[in-house]
Each structure stands twice: as structure tokens, then as C-alpha cells.
Amino acid sequence: MRTSKLLLTVAHRLAILAYIVVALFPLFWLLKVSVTPNDLLYSEGVRMWPSRATFEHYEFVIAHSAFPTFFKNSLIVAGSTAIAVTILASLAGYALSRFNFRAKYWIVALMLITQMFPLVMLVAPIFKMLSPLGLTNSLTGLVIVYTAFNVPFATFLMQSFFDGIPKDLEEAAMIDGATQFVAFRQIILPLTLPGIAATLGFVFTAAWSELLFALMLISGNDAATFPVGLLTFVSKFSVDFGQMMAAGILALIPACLFFLLIQRYLVQGLTAGAVKG
Amino acid sequence: MASIDIHGIRKSFGTFPVLHGVDLTIRDGEFIVLVGPSGCGKSTLLRMIAGLEDVTAGEIRIDGKRVNDLAPKDRDIAMVFQSYALYPHMSVADNMSYSLRLRRSTKEKIASAVGNAASKLGLDPLLERRPRALSGGQRQRVAMGRAIVRQPKAFLFDEPLSNLDARLREQMRAEIKKLHGDLRATSIYVTHDQIEAMTLADRIVAMHAGVVQQVGTPLDLYDRPANLFVAGFIGSPGMNFFEGRYVASGEGAELQLANGATLPLGKRLGIESGSVATLGIRPEHVVIADGGALEAKVDLIEPTGFGIIMHVTIHDIPMKIFTLDRAMLNPGPNVRVDLPRDKLHLFGTEGTRVD
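For the protein sequence lines, the chains are A and B, in the order given. Going by UniProt numbering, the letters in the first sequence line up with residues 1 to 277, in that order. Going by UniProt numbering, the letters in the second sequence line up with residues 1 to 355, in that order.
Keep in mind the hints are simulated off the structure, nothing from the lab. Because the structure is a prediction, the values reported are computed rather than measured. The beta carbon of each residue, even a glycine, is placed where N, CA and C say it ideally should be. Be aware that one or more of the hints could be misleading.
Claimed, not checked - Computed far set for chain A versus chain B, every beta-carbon distance over 12 Å: (1) Val-35; (2) Leu-41; (3) Tyr-42; (4) Glu-59; (5) Gly-79; (6) Phe-156; (7) Ala-178; (8) Leu-212; (9) Leu-250.
Said to hold, decoys possible - With a straight-line Cα cutoff of 30 Å, these simulated DSBU-like cross-link-like pairs (lysine-lysine) come out: (10) B/Lys-320 / B/Lys-343; (11) B/Lys-320 / B/Lys-153; (12) A/Lys-32 / A/Lys-104; (13) A/Lys-167 / B/Lys-177; (14) B/Lys-120 / A/Lys-167; (15) B/Lys-120 / B/Lys-153; (16) B/Lys-120 / B/Lys-177; (17) B/Lys-177 / B/Lys-153; (18) B/Lys-343 / A/Lys-167; (19) B/Lys-107 / B/Lys-153; (20) B/Lys-153 / A/Lys-167; (21) B/Lys-178 / B/Lys-107.
One chain only, chain A, in its complex shape (with noise of 0.2 Å):
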């Protein structure tokens, strides 16, 4: 019996560590990559680790090429995006999940609808509309159009986490002398914390890391974000692997200290102990 359940155990871990290599191999290659000297990239085969490593590729990519612009443009469309679309999809959750009202079955179709569309369908519309108002080649185009296609799916991401918080509590709140929108400013936005930080998150990486709109809307290095600018080390004839690796590692940085950040509300759960359960 104690073996048995020994044996499960280990064999528990042991699925979890091979996923973990698979799932992470590629961020080790990353790492290897970037720290491989350009005379070794190819001289020395397969290897787990180079036989001298180095930084140079990070002191060239942050010292002499356009990436802290990237990173820098990155940061504000994303920061914007993430911050935007938690405060739009918060306040159309809440009226989701709360009020009945007249057309809201037809309201969730057409953001249902607007998921169907493959993105590549709308470059072109998008791009013809956003030019005469000047937005494109601006960050402020892409901060538009990320939240427009962000709201929809984090708005049902909202309502989820607020139908998951009892009405009795705003009820109270309100028989206590609180509006309805003090309720939700002071009772319920508090405890759907794990909620906006999984929404901040999510909407963060995403347009973190979105190609194909940058790649479209943006010409040029100044408004360029990093997933374009990543392309800047591919020539006509060569790639420069080394530096495109180390720019994709300072890359991950602001996105995993995000969710170093959020992970606390990630995994709490608040609402315990907020009615009988």
C-alpha cells in the first residue's frame, strides 16, 4: 500500500518534470544561444553549452542597437493596453454579471462575433481606417486597436470572477449607506483582485508579444515595438542569431516580473469567509 502510493508519487513528479524540460527547453536554448560567442555559433556543434560564454551580445544589444527604443515602445503599448482594457472589461463585467438590461443577449453576441474572425481578415480594413486619423506608424494606434480585441474576451473574463462574488455583499454595502458604485469601488473591486491581475496579465502578454498589427501598422524604428524590432536582426543575408537572442531574453524580463508581481492575487483566494460557504 505505502509503496504503491510511493511509486504514484514519483511517477506524479517525474510527468511534471518532463513536461517542465519540454515546456522550458526552448527559453534554455534562448539562454544558450545568447551567450554562445558569434565564432563558436557554428564552429562547435550541437552542444548543451558553449565552451566560453559571453555578454557581449547583451553590452552590443542595449548599447548600440535601436532594442531600448523597442523595449521602451513595447512597454508603453503593453502597459497601456493591459491597463485600458482591465478597466473597460472591470466595468463591462460588472454590468454583465449584475444588471439586466434591454439588448444584453445581443450585446455579448456581437463580442462573441468579433472573436470568430481570423485577425489577418482585418489588417487591411484596420490599416485604411486608422490612416486618414494618423494613427498609424503611432503607438497610440496600437494601443487602440490591441484594446479593441483585448476588451471583448477579458470582459467575459471579468463577469466570470464577478458572478463568482455573492450579491449579497453590494446589497449589504448598499443597505450600509453605499451607492451602488461605491459598493463595487470598495466591496467587490477588492475582491476581485485575482481577477484584474489575471486580466492585467493576460492582456499584457498579449499584446506584448503581438506581431502581426505591429508588423502592419508600424514603418520605421521609433514607434516599433520589440516583436517587430526582433526582425531588425534578420538581413537579407544572415542572421544575427546571438543578439536576436539576447534582445528576445531582456525581452521575457518585464514580462515575467509582471506575474512575479500578480501571482500573489493569482492564487489567493479572497472571498473566503465572506458568507457561509
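Given chain A, put chain B in place with the hints provided.
What follows is chain B alone, placed relative to chain A:
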């Protein structure tokens, strides 16, 4: 504190009506219990008084002032929810003071109000805790504390004890009664538990299918239920009913049962001879006596410790007897019983009381 007047209140959800015109006047300081089975509209009525549901038709006045269109926050009432609805991210003290903080009361006033309520409810050692660190009974107390810090015009209770175990429910019931004795606050209490209704109420409002069936003191409802619904709902075990045909004969009258047997009623009623009527008698009023007029076949014996509930059949009709006589633990296959005439309840064709 305030009086509450409810006049011609109706409520429909969509096209589905749940309240069919309720009239009720609640005096200042009175403890009113709305009681009825689930779905009878009692909680809806309470939520309409609180302002959590719109009023479809009719008028609600608190302290003489029409409140139909006032937001809950402007009605100056407090409510205790069945789920407690404590704010999970706030300490007990913050839960209790939230209403005062919203009203921008001074720090000193808040501290003294919370302190008073906490000592009344025995919450002093728990003030810094979060709700999740409290037991069910403690959460219930905090919910009550949150209601009393504010000294509102009225307290509304929505099945506040339903989530507690039996022992705790008994204890909290007594505490609520004591609290009402101290504060003399106008209170409306919704429950489906008739024991809570009987023990707590100054007056009970019995409801069924969106209609008020009877309003009266607990003993009014127990002694003279206005109709079959109230008769069957109040009392445990429930009242026994014999349905039959009312026949006036000579000076007296009798009830003719389906199998042809008759039960003498002892007096004539103001209804037509030959009409359908129902006779009711409470299990605790049936008398077991050797010379009894009726024979009862014993089906089942349920000892409760305090007394014994006997399931018997009289004239093919199942009924219950409650007795304190321990000899009835082994009664034999049949017992003789009497139905004392002064304990009979008589209901006419429509189910309303006729005696």
C-alpha cells in the same frame, strides 16, 4: 425607530406575479415575523422594504414617509442576511463601522458605537479578525453587530439563523429576542421556521403563494388559525385534518366522512348542511382514554424524549397524536381516543375558518 406602513404592495418578476396586494401596518418597536414556505414571497416583501427590489404597485412608508423610490442607503434601515454577507477583506471592527464611515461619522463616535455593539454581542476579542477566521455563530454575531451600530429606523432579518446548527440557532434566537428587548427597535424577521416565528414575534404574518393568510399574535395563530393553510403550517407536529360533509342534525351537527362514519361536532355552524368542510385537531389535543369514542389503529411510535408522537389511523385517515404518557411506548395494536369538542377547528369549503 419608526413605524412601517405597507399598502397594496404587488410584485411581479416579468409577467410572473409573486405578491398579490399585501397590506400591513407595523407599529414602532414591534417585532414582526413573516413566515411561510419557500416561494411564498416573504423574502421578496422584505427586500422591497429594504429597497433591494422595485415595487411593482402599492406604497411603502417608513415613519410616514413614502420610500418607494428611495435608494436603500436613504431608507435608514439595517439588514441581516442569511449568508451574513460580511465584507471578507475587512476586519470585524471595519465590517461593523463601514456604515458609519460611509456617513463620515467622527472617529470617537465610531469607536464608541463599535465598542458598545461589540460588548453587547461578546465580540470584543474578535474585533481585529477577518470574517474567514470566525465560526458560523461568530459571523452571525458580527452581522448583527453591523446592523446595530447604526441605530437605524428598522431592522430587517432575512432568515438569519438558517445557516446555523440546531443548538446555535436556539441560542441566537434567544439572543435576538433579548437584543430586541434592550433596543425596542422595529424589526421585521423572515423565516420559514414556525418555532422561530412563535418564539420571537409580537405579531406573526403568515404568508402563502404571495398572499397574507393571517396576521396576529403567535397564540392567535395557534389557537384560532384563520384558514387551513395557517392551521397546517403553525404547530409541530402539524394539525390533523378530517375532510367530510357537514350535516346539521337536530340541535347539533356532525361531519360525515368518506367511509360513511360520522364525527359529532357538538354545535351548529353557519354553513349550509351538506357542504364540504374540514375538521382539524392538533396532535397534542387528542385525548387517549379507555372509554374513548373512536378507535385508532397504531401504525408507528416516535419517542422524542419529551413526549411521544403516535402515528395512527382513524376511519382510514392517517393522523398523529402527541402524548406525554410513556405507557404509550407500547400501546398495543389499537387505542381508544376522544377528540375534545372545545379543541376542534372547523373550516368551510373554501378552507376558511367557520366556527
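The hints, checked one at a time:
The beta carbon of A/Val-35 sits about 45 Å from the closest Cβ of chain B, which is more than 12 Å, so the claim that it is off the interface holds. With a least beta-carbon separation of about 53 Å from chain B, A/Leu-41 lies farther than 12 Å from that chain, consistent with its non-interface assignment. Once the 12 Å rule is applied to beta carbons, A/Tyr-42 is consistent with being away from chain B; the minimum gap is 58 Å. No beta-carbon of chain B is positioned within 12 Å of the beta-carbon of A/Glu-59; the least distance is around 47 Å.
Every CB of chain B lies more than 12 Å from the CB of A/Gly-79, the least distance being 26 Å, so the non-interface label holds. The claim that A/Phe-156 is not at the interface with chain B holds, since no C-beta of that chain comes within 12 Å of its own (minimum 24 Å). Distance check for A/Ala-178 against chain B: the nearest CB is about 6 Å away, which does not clear 12 Å, and the non-interface claim fails. Every Cβ of chain B is farther than 12 Å from the Cβ of A/Leu-212; the closest lies at roughly 40 Å, confirming the non-interface assignment.
A cut-off of 12 Å between C-beta atoms confirms that A/Leu-250 is not in contact with chain B; the least separation is 37 Å. Distance hint between B/Lys-320 and B/Lys-343 is fulfilled; the C-alpha atoms sit about 15 Å from each other, no more than 30 Å. A hinted pair counts as satisfied when its Cα atoms are at most 30 Å apart, and B/Lys-320 with B/Lys-153 does not qualify at roughly 44 Å. At most 30 Å may separate the alpha-carbon atoms for a hinted pair to count; A/Lys-32 and A/Lys-104 exceed this at roughly 52 Å.
Taken as a hint, the A/Lys-167 and B/Lys-177 pair is honoured in the structure, with Cα atoms around 28 Å apart against an allowance of 30 Å. Restraint check for B/Lys-120 and A/Lys-167: the C-alpha separation of about 29 Å stays at or below 30 Å, so the hint holds. At most 30 Å may separate the alpha-carbon atoms for a hinted pair to count; B/Lys-120 and B/Lys-153 meet this at roughly 19 Å. Restraint check for B/Lys-120 and B/Lys-177: the C-alpha separation of about 13 Å stays at or below 30 Å, so the hint holds.
Among the hinted pairs, B/Lys-177 with B/Lys-153 is consistent with the structure: their alpha-carbon atoms are about 18 Å apart, no more than 30 Å. A distance of roughly 47 Å separates the Cα atoms of B/Lys-343 and A/Lys-167; the hinted pair therefore is violated under the 30 Å criterion. Under the criterion of a C-alpha separation no larger than 30 Å, the hint pairing B/Lys-107 with B/Lys-153 is consistent with the structure, at around 22 Å. Proximity of B/Lys-153 to A/Lys-167 is assessed by CA-CA distance (about 24 Å); at most 30 Å being required, the pair is judged to hold.
Note on B/Lys-178 and B/Lys-107: the hinted pairing holds, with a Cα-Cα distance of about 29 Å set against a maximum of 30 Å.
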